[in-house]
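Take the sequences, apply the hints, and build the full model.
Our numbering puts the sequence shown at residues 1 to 169.
If you're looking for bench data, these hints aren't it; they were derived computationally from the structure. Any given hint could turn out to be false.
What the hints assert, rightly or not - In the DSS-like style, the derived pairs of lysine-lysine whose C-alpha atoms are separated by at most 25 angstroms in a straight line are: (1) K60 to K10; (2) K86 to K118; (3) K118 to K49; (4) K10 to K118; (5) K93 to K107; (6) K136 to K93; (7) K3 to K49; (8) K97 to K86.
As the list claims (entries may be wrong) - Each pair of labels, with its calculated beta carbon distance range: (9) G135 to F158: 12 to 20 angstroms; (10) E148 to P89: 16 to 24 angstroms; (11) E106 to K10: 37 to 45 angstroms; (12) R79 to S133: 20 to 28 angstroms; (13) W145 to L72: 25 to 33 angstroms; (14) K136 to Y62: 25 to 33 angstroms.
Remember, it's a predicted structure, so these values are computed and weren't measured experimentally. A virtual CB, placed ideally from N, CA and C, is assigned to each residue, including glycine.
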Amino acid sequence: MMKTYKMYYKSPIGLIEIIGTNEAIYSILFSEEDITEKFLLEETPSVVKACYTQLDEYFKGYRRNFSFPYALEGTDFQRTVWEALKEIPYAEKRSYKDIAISIGNEKATRAVGNANGKNRLSIVLPCHRVIGSNGKLTGYAGGQWRKEWLLQHEHTYFEEQGNNERKIY
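As structure tokens, then:
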């Protein structure tokens with residue numbers, strides 16, 4: 001079994017636990033633990049450090065896409081849904097039905113919602129961009145208030161894009 005490493009990123013909306021190996025990131029989830037250390041050790045793999053850095057860039061408005069390697073652990077259907085999430089552009093929203101249609105299974109709306117709830121790569125696989133068909137925000141494993149914050153964050157930086165000189169990744 002591969003050694004896993006854990007690191008914490010203190011975001012504006014709470015602590016994010018990053019778990020990865022030398023090869024890939026396996027989990028990026030909000031944590032309710034009260035941890036003040038980042039656990040950034042010399043032995044922390046570059047993949048985990050890259051995830052930390054890219055999350056920091058995302059929250060500062062510099063990053064829209066992620067480039068570190070990650071591993072998807074789930075059923076074939078779940079992995080198909082998670083891959084579809086990557087196709088939702090920054091600062092845009094899609095409904096569960098839109099995702100079901102995009103994967104060629106229009107009647108799988110509820111199953112898409114269940115797969116979203118099992119997404120272990122928050123923000124990177126942007127399940128926060130998925131909303132109800134009526135346009136309302138629906139469940140989010142990190143809490144609906146975080147979903148709302150993330151959508152507003154992306155909207156704000158998307159709107160500012162034309163007015164600043166920052167490099168966007």
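Taking the hints in turn, this is what the structure says about them:
A C-alpha spacing of about 12 angstroms is found between K60 and K10, which places the hinted pair at or below 25 angstroms, so the restraint holds. Between K86 and K118 the CA atoms are separated by roughly 15 angstroms; this keeps the pair inside 25 angstroms, and the hint holds. The straight-line distance between the Cα atoms of K118 and K49 is roughly 24 angstroms, inside the 25 angstroms bound, and the hint therefore holds. With a CA separation close to 22 angstroms, the supplied pair K10 and K118 stays within the 25 angstroms bound.
Using a Cα cut-off of 25 angstroms, the hinted pair K93 and K107 holds, with the two alpha carbons roughly 19 angstroms apart. Taken as a hint, the K136 and K93 pair is honoured in the structure, with Cα atoms around 11 angstroms apart against an allowance of 25 angstroms. A hinted pair counts as satisfied when its Cα atoms are at most 25 angstroms apart, and K3 with K49 qualifies at roughly 15 angstroms. Using a Cα cut-off of 25 angstroms, the hinted pair K97 and K86 holds, with the two alpha carbons roughly 16 angstroms apart.
In this structure the hint that G135 and F158 lie 12 to 20 angstroms apart at CB holds, the actual value being about 18 angstroms. Taken as a hint, the range 16 to 24 angstroms holds for the pair E148 and P89, whose Cβ atoms sit roughly 19 angstroms apart. A hinted range of 37 to 45 angstroms holds for the C-beta pair E106 and K10, which are about 41 angstroms apart. The beta-carbon spacing between R79 and S133, approximately 24 angstroms, falls within the hinted interval of 20 to 28 angstroms.
For W145 paired with L72, a C-beta distance near 27 angstroms keeps the hint of 25 to 33 angstroms intact. The hint said 25 to 33 angstroms for the Cβ distance between K136 and Y62, and at roughly 30 angstroms that hint holds.
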